[in-house]
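Q: Residues per chain, in single letters:
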Amino acid sequence: MGQVAWKGLFLSLFDYKTEKYVIAKNKKVGILYRVVQLSILAYLVGWVFVVKKGYQDTDTSLQSSVITKMKGVAFTNTSELGERLWDVADYVIPPQVGVVLRAQRATEQGEEVAALCDLFCDVCAAGVKTGRCLKDRDSFRRTCEILAWCPVEKRSKPKKPLLASAENFTVYIKNSIRFPKFKFSKVNVLATDNESYLKSCRYSTEHPYCPIFLLGNIVRWAGSDFQEMALEGGVIGIQIEWNCDLDKAPSECNPHYSFSRLDNKFSEKSISSGYNFRFAKYYRDAEGVDYRTLIKAYGIRFDVMVNGKAGKFNIIPTIINIGSGLALMGAGAFFCDLVLLYLIKKSNFYRGKKYEEVK
Amino acid sequence: MGQVAWKGLFLSLFDYKTEKYVIAKNKKVGILYRVVQLSILAYLVGWVFVVKKGYQDTDTSLQSSVITKMKGVAFTNTSELGERLWDVADYVIPPQVGVVLRAQRATEQGEEVAALCDLFCDVCAAGVKTGRCLKDRDSFRRTCEILAWCPVEKRSKPKKPLLASAENFTVYIKNSIRFPKFKFSKVNVLATDNESYLKSCRYSTEHPYCPIFLLGNIVRWAGSDFQEMALEGGVIGIQIEWNCDLDKAPSECNPHYSFSRLDNKFSEKSISSGYNFRFAKYYRDAEGVDYRTLIKAYGIRFDVMVNGKAGKFNIIPTIINIGSGLALMGAGAFFCDLVLLYLIKKSNFYRGKKYEEVK
Amino acid sequence: MGQVAWKGLFLSLFDYKTEKYVIAKNKKVGILYRVVQLSILAYLVGWVFVVKKGYQDTDTSLQSSVITKMKGVAFTNTSELGERLWDVADYVIPPQVGVVLRAQRATEQGEEVAALCDLFCDVCAAGVKTGRCLKDRDSFRRTCEILAWCPVEKRSKPKKPLLASAENFTVYIKNSIRFPKFKFSKVNVLATDNESYLKSCRYSTEHPYCPIFLLGNIVRWAGSDFQEMALEGGVIGIQIEWNCDLDKAPSECNPHYSFSRLDNKFSEKSISSGYNFRFAKYYRDAEGVDYRTLIKAYGIRFDVMVNGKAGKFNIIPTIINIGSGLALMGAGAFFCDLVLLYLIKKSNFYRGKKYEEVK
Numbered sequence: 001m002g003q004v005a006w007k008g009l010f011l012s013l014f015d016y017k018t019e020k021y022v023i024a025k026n027k028k029v030g031i032l033y034r035v036v037q038l039s040i041l042a043y044l045v046g047w048v049f050v051v052k053k054g055y056q057d058t059d060t061s062l063q064s065s066v067i068t069k070m071k072g073v074a075f076t077n078t079s080e081l082g083e084r085l086w087d088v089a090d091y092v093i094p095p096q097v098g099v100v101l102r103a104q105r106a107t108e109q110g111e112e113v114a115a116l117c118d119l120f121c122d123v124c125a126a127g128v129k130t131g132r133c134l135k136d137r138d139s140f141r142r143t144c145e146i147l148a149w150c151p152v153e154k155r156s157k158p159k160k161p162l163l164a165s166a167e168n169f170t171v172y173i174k175n176s177i178r179f180p181k182f183k184f185s186k187v188n189v190l191a192t193d194n195e196s197y198l199k200s201c202r203y204s205t206e207h208p209y210c211p212i213f214l215l216g217n218i219v220r221w222a223g224s225d226f227q228e229m230a231l232e233g234g235v236i237g238i239q240i241e242w243n244c245d246l247d248k249a250p251s252e253c254n255p256h257y258s259f260s261r262l263d264n265k266f267s268e269k270s271i272s273s274g275y276n277f278r279f280a281k282y283y284r285d286a287e288g289v290d291y292r293t294l295i296k297a298y299g300i301r302f303d304v305m306v307n308g309k310a311g312k313f314n315i316i317p318t319i320i321n322i323g324s325g326l327a328l329m330g331a332g333a334f335f336c337d338l339v340l341l342y343l344i345k346k347s348n349f350y351r352g353k354k355y356e357e358v359k
Numbered sequence: 001m002g003q004v005a006w007k008g009l010f011l012s013l014f015d016y017k018t019e020k021y022v023i024a025k026n027k028k029v030g031i032l033y034r035v036v037q038l039s040i041l042a043y044l045v046g047w048v049f050v051v052k053k054g055y056q057d058t059d060t061s062l063q064s065s066v067i068t069k070m071k072g073v074a075f076t077n078t079s080e081l082g083e084r085l086w087d088v089a090d091y092v093i094p095p096q097v098g099v100v101l102r103a104q105r106a107t108e109q110g111e112e113v114a115a116l117c118d119l120f121c122d123v124c125a126a127g128v129k130t131g132r133c134l135k136d137r138d139s140f141r142r143t144c145e146i147l148a149w150c151p152v153e154k155r156s157k158p159k160k161p162l163l164a165s166a167e168n169f170t171v172y173i174k175n176s177i178r179f180p181k182f183k184f185s186k187v188n189v190l191a192t193d194n195e196s197y198l199k200s201c202r203y204s205t206e207h208p209y210c211p212i213f214l215l216g217n218i219v220r221w222a223g224s225d226f227q228e229m230a231l232e233g234g235v236i237g238i239q240i241e242w243n244c245d246l247d248k249a250p251s252e253c254n255p256h257y258s259f260s261r262l263d264n265k266f267s268e269k270s271i272s273s274g275y276n277f278r279f280a281k282y283y284r285d286a287e288g289v290d291y292r293t294l295i296k297a298y299g300i301r302f303d304v305m306v307n308g309k310a311g312k313f314n315i316i317p318t319i320i321n322i323g324s325g326l327a328l329m330g331a332g333a334f335f336c337d338l339v340l341l342y343l344i345k346k347s348n349f350y351r352g353k354k355y356e357e358v359k
Numbered sequence: 001m002g003q004v005a006w007k008g009l010f011l012s013l014f015d016y017k018t019e020k021y022v023i024a025k026n027k028k029v030g031i032l033y034r035v036v037q038l039s040i041l042a043y044l045v046g047w048v049f050v051v052k053k054g055y056q057d058t059d060t061s062l063q064s065s066v067i068t069k070m071k072g073v074a075f076t077n078t079s080e081l082g083e084r085l086w087d088v089a090d091y092v093i094p095p096q097v098g099v100v101l102r103a104q105r106a107t108e109q110g111e112e113v114a115a116l117c118d119l120f121c122d123v124c125a126a127g128v129k130t131g132r133c134l135k136d137r138d139s140f141r142r143t144c145e146i147l148a149w150c151p152v153e154k155r156s157k158p159k160k161p162l163l164a165s166a167e168n169f170t171v172y173i174k175n176s177i178r179f180p181k182f183k184f185s186k187v188n189v190l191a192t193d194n195e196s197y198l199k200s201c202r203y204s205t206e207h208p209y210c211p212i213f214l215l216g217n218i219v220r221w222a223g224s225d226f227q228e229m230a231l232e233g234g235v236i237g238i239q240i241e242w243n244c245d246l247d248k249a250p251s252e253c254n255p256h257y258s259f260s261r262l263d264n265k266f267s268e269k270s271i272s273s274g275y276n277f278r279f280a281k282y283y284r285d286a287e288g289v290d291y292r293t294l295i296k297a298y299g300i301r302f303d304v305m306v307n308g309k310a311g312k313f314n315i316i317p318t319i320i321n322i323g324s325g326l327a328l329m330g331a332g333a334f335f336c337d338l339v340l341l342y343l344i345k346k347s348n349f350y351r352g353k354k355y356e357e358v359k
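First to last, the sequence lines map onto chains Y, E and Z. Take 1 as the starting number for the first sequence in UniProt numbering and just add one per residue. Take 1 as the starting number for the second sequence in UniProt numbering and just add one per residue. Take 1 as the starting number for the third sequence in UniProt numbering and just add one per residue.
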């Protein structure tokens, strides 16, 4: 490359070079091209920008903190437990996890007493086999001796819900969220000085910023029957969704609640239906011997799951979407060129005009 | 389309076709175009690539595991509880959640004794109404009999913090993270053999890889006063942010801590201010009658929230950003064309040259 | 701009304008251009669309709910605790967090009795110094009086694992996930009516939808030795990964498990190795004096971490990727132009043909 080339290159830097176009006075292809252009424009403006907000940068990884608290008192009278009164300290185990104790069977148990149990029955699983074989005095069946807390827990399912009146208990769910990318925070509690409102309100679609939920409502919204669920317990998923358009006012960024039952996805009788767990209270008698009360608790557990998406105008996705739209226009022109040069009558003529042959 | 057309199409496959340009020796439009080009280039290189790292693929969904442990002992002497010593087993309830018990009122209660209570007062909420009406012997007010754990808990707010000395307690927070997309893991604990460092250090900006925090510091960094917070409890959000550029050395990927108070977002007196919960210890006396100690605990709860973003070079976003920049150049040329063809004096002349009319 | 210009602008709306090309019959540059085009096409189709599924919109922020339950019974005989039987209610503390108690040392303690302790030793940290100085009667060392729960806990490490037989305990882990963007849900439990399968199965690669894990297997898969871990406890991370291509059948969206140890990242002796916590059981004797049993529990904690990625066809990323590919083609043409116009012999000739000079 000689000096002349370099000089030409430099001089031509500030000449404006514009592509030469051939005007094909073919209205069919012309209209086709306009239709293609308008379609792409409509897609770009209508779908990408208006519907999908392609001019926004999005953040889906939100920080969330959930505080729950339950309220309510119930009175029960059962043969197993006698008359009992239940308040928050009794039915929420452990205090912070948001669990409601619904039904319970208690068994007073001493430590490590040998128990008799059928060799082939499943119940033996709750103890450790000593290896000794025993004969049942009454029948002629042979059984294995096991070590277990005695008496062994009865494997009966609860007949009626213990805390049927828990339908009117309330759950307070406070959820603070933050979108770290946009440094935007919000809480699902009304910013009010009216203390009595936040004590007496109940959540409904009319009161979206009241964080107090009736237990019965939650279960109903999750599509379950409270009395049926009260029998065997269950897990309720409370999904809080924050879809926020941060180009609008912060007051337009609202939580949406949805409730679903998580434990009985498939069949009523499957292992995954219902919710229960065992725990024990430990006592010591006057002689210093430990014993415990084993409790099988049927409860309603709440899983509060928070997710969200925030969008805010950002130049980079805007340009990417405009750019890809423009590139698409180029593809549209390429398609119309194909029509012009190969599919219409006078295509030979246009081909000669578009492509200027040089020797 | 005849055979000739197909033949021409095939033969021309290896001809190089290049767009024909018209050189408009108009320095104004030429300079305008260069300015547009340079602006787009500056935006692309400076903003998209250098500042926003548009050449990187990002991952914001990190896996995180947090282990916490508290240490500290305090001694209290109150009229309600007498002299008491508090160590970890006493003030962390339940053991794993990272909760500090701060103040507590205990009420010894027997089971289900009928209690008298004003019909219209709120306190009755803690019991179940039996439906019987009673007359108060001393006054002439009528009251309803309720079933409740007796005596009913006193509704007084704590006067002074119980564990004021908890300011010197320490919290150990270990956080392991993993970005699954890039298979990158890191821990917020210094990788050292020096065991005594990890036992004696305290977190500060000089010691970012020491995972032991002074309780008093956490509260101060969250913008609260410890003694004020000790009275009614509270919830502290500990945000750990990992912003990692994985094109650099792993040692440049560091956690950043920020502390905020989550319970009193709006007003001091609102329902959402402070943090307390009730739990009970159950005892059985010599006659086998159950009774309980109801404890209202005012505590500090920690919510450790981890989020992060990792970026690493990836060809696809790089090409997308370059491509959208190039498409933008096309838009710039289109804009300069408009100027050349319709806005300058000799535009008619240039229009004729750019668009070659064919019959 | 006159009326004529406007009229021309309008009339020409439906003329099809197509770029004029110059055919350079230079096979070298022609082939170079085809190679560039094919490379870009191969990258776009092969890498972006087939391998990276660039036609899909992805969602990495999934909602997840985890329910765990443990099963198993063990019998121990130690000098500290005597003969004891352990079932779920005894070794899972608190009931919901999925913690296995592995080894434990119990200390019966009365409240706030003065204890003697060496001034310089670390053990004093468990009490509050009264400020009084005492002389040890037997030796001549001086010590400080401290207030503490007495007797002070012995600082010995456990010699042998208490629940060595826990290797055969089972953990039931149910994980429901939901990708909110695509409204797609799935559970890691086989959708079967066969109740006995879900009771007797054990997870393995052959049974990916059996949610019951053997404790020993989990520890082995995490790369640890169970008996060694049983001594000092540990934290096991259970990662469940859902990588779902929602353009395929839902049955192709399967969970992948991986297990890792989270507590001993760096060295065996560091502060972060092992897992233990202290808790207390409270008793009251006949005279109404409280005392407690302090338990230091060495346990295995499970951290179930769920992450996932779902992809589904979406027009916007498809167009963005095609668009950026097309823009790249333009860049390829620009590069070939440079070769044609400045790097080959006849470049001067082609330059004159490509750029039509106007006065």
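There's no promise every hint is true.
Remember, identical chains collapse to one label, so a pair may be satisfied in a single copy or spanning two.
List time: in silico DSS-like cross-link candidates among lysine-lysine, alpha-carbon distance up to 25 Å [claimed, not checked]:
#, residue 1, residue 2
1, K53, K345
2, K52, K181
3, K7, K25
4, K7, K346
5, K309, K28
6, K17, K27
7, K7, K248
8, K309, K353
9, K71, K17
10, K346, K174
11, K7, K345
12, K28, K346
13, K199, K345
14, K53, K248
15, K71, K199
16, K281, K53
17, K248, K353
18, K17, K52
19, K312, K27
20, K28, K17
21, K181, K312
22, K174, K296
23, K312, K353
24, K53, K28
25, K17, K312
26, K181, K7
27, K28, K345
28, K296, K281
No lab work stands behind these hints: they were computed from the structure. These figures come from a predicted structure and were not determined experimentally.
Q: Of the hints stated earlier, which fail here?
A: Structure breaks hints 1, 5, 7, 8, 9, 10, 13, 16, 17, 18, 19, 23, 24, 25, 26.
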